[in-house]
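Spelled out, the chains give:
There are 2 protein chains.
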Amino acid sequence: MHITLNEAETLVQSVFEANGVLADTARSVAHALVHAEAAGQYGHGLRRVPAYIGQARSGKVDGKARAIATRPRPAVLVVDAAFGYAYPAFDIALAELPTIAREQGIALGAIHRSHHAGVMALTVERFAELGLVALMFANAPASMAAWGGRKRLFGTNPIAFATPVAGEDPLVIDLALSTVAAGKIMAARQKGESIPEGWAFDADGKPTTDPHAAHKGLMAPSGGAKGAALALMVEVLSAGLTGSNFSYQASSFMDEKGSPPSVGQTLIVIDPSASTASAAERIAELAHEMASEEGVRLPGRRGQNARRTAIEQGLDVEDEVISAIRALA
Amino acid sequence: MHITLNEAETLVQSVFEANGVLADTARSVAHALVHAEAAGQYGHGLRRVPAYIGQARSGKVDGKARAIATRPRPAVLVVDAAFGYAYPAFDIALAELPTIAREQGIALGAIHRSHHAGVMALTVERFAELGLVALMFANAPASMAAWGGRKRLFGTNPIAFATPVAGEDPLVIDLALSTVAAGKIMAARQKGESIPEGWAFDADGKPTTDPHAAHKGLMAPSGGAKGAALALMVEVLSAGLTGSNFSYQASSFMDEKGSPPSVGQTLIVIDPSASTASAAERIAELAHEMASEEGVRLPGRRGQNARRTAIEQGLDVEDEVISAIRALA
Numbered sequence: 001m002h003i004t005l006n007e008a009e010t011l012v013q014s015v016f017e018a019n020g021v022l023a024d025t026a027r028s029v030a031h032a033l034v035h036a037e038a039a040g041q042y043g044h045g046l047r048r049v050p051a052y053i054g055q056a057r058s059g060k061v062d063g064k065a066r067a068i069a070t071r072p073r074p075a076v077l078v079v080d081a082a083f084g085y086a087y088p089a090f091d092i093a094l095a096e097l098p099t100i101a102r103e104q105g106i107a108l109g110a111i112h113r114s115h116h117a118g119v120m121a122l123t124v125e126r127f128a129e130l131g132l133v134a135l136m137f138a139n140a141p142a143s144m145a146a147w148g149g150r151k152r153l154f155g156t157n158p159i160a161f162a163t164p165v166a167g168e169d170p171l172v173i174d175l176a177l178s179t180v181a182a183g184k185i186m187a188a189r190q191k192g193e194s195i196p197e198g199w200a201f202d203a204d205g206k207p208t209t210d211p212h213a214a215h216k217g218l219m220a221p222s223g224g225a226k227g228a229a230l231a232l233m234v235e236v237l238s239a240g241l242t243g244s245n246f247s248y249q250a251s252s253f254m255d256e257k258g259s260p261p262s263v264g265q266t267l268i269v270i271d272p273s274a275s276t277a278s279a280a281e282r283i284a285e286l287a288h289e290m291a292s293e294e295g296v297r298l299p300g301r302r303g304q305n306a307r308r309t310a311i312e313q314g315l316d317v318e319d320e321v322i323s324a325i326r327a328l329a
Numbered sequence: 001m002h003i004t005l006n007e008a009e010t011l012v013q014s015v016f017e018a019n020g021v022l023a024d025t026a027r028s029v030a031h032a033l034v035h036a037e038a039a040g041q042y043g044h045g046l047r048r049v050p051a052y053i054g055q056a057r058s059g060k061v062d063g064k065a066r067a068i069a070t071r072p073r074p075a076v077l078v079v080d081a082a083f084g085y086a087y088p089a090f091d092i093a094l095a096e097l098p099t100i101a102r103e104q105g106i107a108l109g110a111i112h113r114s115h116h117a118g119v120m121a122l123t124v125e126r127f128a129e130l131g132l133v134a135l136m137f138a139n140a141p142a143s144m145a146a147w148g149g150r151k152r153l154f155g156t157n158p159i160a161f162a163t164p165v166a167g168e169d170p171l172v173i174d175l176a177l178s179t180v181a182a183g184k185i186m187a188a189r190q191k192g193e194s195i196p197e198g199w200a201f202d203a204d205g206k207p208t209t210d211p212h213a214a215h216k217g218l219m220a221p222s223g224g225a226k227g228a229a230l231a232l233m234v235e236v237l238s239a240g241l242t243g244s245n246f247s248y249q250a251s252s253f254m255d256e257k258g259s260p261p262s263v264g265q266t267l268i269v270i271d272p273s274a275s276t277a278s279a280a281e282r283i284a285e286l287a288h289e290m291a292s293e294e295g296v297r298l299p300g301r302r303g304q305n306a307r308r309t310a311i312e313q314g315l316d317v318e319d320e321v322i323s324a325i326r327a328l329a
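For the protein sequence lines, the chains are A and B, in the order given.
Quick note: the first sequence uses the numbering used here, first residue 1, plus one each step.
Quick note: the second sequence uses the numbering used here, first residue 1, plus one each step.
Hint data in this document are derived by calculation from the structure and do not stem from the laboratory.
Any given hint could turn out to be false.
What the hints assert, rightly or not - In silico EDC-like pairs for lysine to aspartate or glutamate, Cα to Cα no more than 20 Å straight-line:
| no. | chain 1 | residue 1 | chain 2 | residue 2 |
| --- | --- | --- | --- | --- |
| 1 | A | 151 | B | 293 |
| 2 | B | 151 | A | 294 |
| 3 | A | 151 | B | 289 |
| 4 | B | 216 | A | 293 |
| 5 | A | 184 | A | 210 |
| 6 | A | 216 | B | 293 |
| 7 | A | 216 | A | 193 |
| 8 | B | 151 | A | 210 |
| 9 | B | 184 | B | 318 |
Work the whole structure out from these sequences, hints included.
Structure (structure tokens):
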């Protein structure tokens, strides 16, 4: 069915409120999920609503939590997501970190007792729209091994990055450190298709093309040992610096079982004018150099264009996705 | 031949001084190159001395430069390497950034008009030994294309990371965003061997196993599109934030031709005690979880062990490497 972004946000917000979630939180979560859908990131979009609501019902997420920020050092903002959804904590970071970054030149946002970070591109992009460079790191329930190992130790542990570009939309990078998203393996399982070599390992740590074996096994890190090393780096930055559960300690984002995942996210926000003149203009030179070459796409443009189209023309969403959401009211 | 670290440092320092390089700078460069050699990073070790000296002689590097630091914002240190070698600028960053990071919680070091960053593991590790978490980004003369392109646009643009671990050596990650180091392709060329698929592209952007075609072509990014995206991120952080040449504008680190490469390096240094209690103890838990699994090596341990052995037992260096250095005095 066809639905405008406003209609989708209103619907999703009302469903969260009907399940006892604070109105402000419901609005923030609805905005994040609908804009993920609009950006074409369906795995982090409207299909997440049932799992999110189920966790509010079971108490695995606290729908009445209020995220609280403290500022233990001049350039550090600590945000306690208080076992609620992550997005209200990101809203606080977005409200506070730009001022700190401009004053101090760089600011750290450390978020703990948090939940699924969703499409981090959308979060870092909002800093870049304010003229700031932003880095974001998140951990997630374990699905990858350390290099050489076969125990699930790290999440797919994404890195996101955005920078302002003079006269253009920000450049936005958002990538998980697995070779592919878990959703691609799930899709192959549902279709009964095999998966390419290099995507996953079975439970014994051996390469597999069987999506069922992959599901019980391990995601392969992007670039092999280098991806696994970067996943460790993200683990330290997102969980080690925030006092959060490590990925291997975190419960699932997808079911209602167990205690809260209590993962962490870290933001590093930089005012580029602190260290150099005309950064956004020079980065525009770099972007033009890239874009001048046939076959090269600027990172972030696809999502930005998809969102622009969705804002103008609305979303086409499968009927069963909308019915599943309505059934939760 | 066998040589102690002290003998090697004294020899290298004297050669730099004999070529008009300031004594302090000569000491700093000698320390960096000898410790790179000791860590087993031969491509950044004693074999670099002839190229380094050649550039001092031609004026491509200013051996009499004095790096200067300013502090434009409370949490930002800008270091002008002044077209000299990079290591004296790193020494200033190591002297100043820890205090700033402890005061502010996080600190940015932005280094411009700089040169070859050498083994960044050795630089970030020194912050971790002081109880700080450090990230470092550097650009380098272009050898990789944007994803989908075939123009040399990015360097292999390394990321380095170190974190303190309670009761143990720091964990240290240091990786170029190319699939392999350029030195491996050079070695295959010299031996007349082919290279594995996935290492490089020819000048038309097509995969190649011919090391000669690879040499004239492009290094492949680690993990494909994801490595290329991270190389862009590093480009913005290291050159965009510092006002340095982008990789495609930088001259070679290896020859005496052209103007100075004038690349950039960026350090982000974090006091983990600002955002959470007992970070180093919790990171030790993570390290133990990793190390408890057979087949898993902690990142950084191989270099740390190699250096420890070299400090105790000295280095075995090929005669022609030492003769080439002596010939420059």
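Verification of the supplied hints:
1. 151(A) / 293(B): holds, 8 Å
2. 151(B) / 294(A): OK: residue 151(B) and residue 294(A) at ~10 Å, within 20 Å.
3. 151(A) / 289(B): This hinted pair holds, its Cα atoms lying about 10 Å apart.
4. 216(B) / 293(A): Measuring from Cα to Cα gives roughly 19 Å; hence the hint holds.
5. 184(A) / 210(A): Since the Cα atoms of residue 184(A) and residue 210(A) sit roughly 12 Å apart, the hinted pair holds (cutoff 20 Å).
6. 216(A) / 293(B): OK: residue 216(A) and residue 293(B) at ~19 Å, within 20 Å.
7. 216(A) / 193(A): holds, 16 Å
8. 151(B) / 210(A): The given pair, whose Cα atoms are some 37 Å apart, is violated under the 20 Å limit.
9. 184(B) / 318(B): holds, 19 Å
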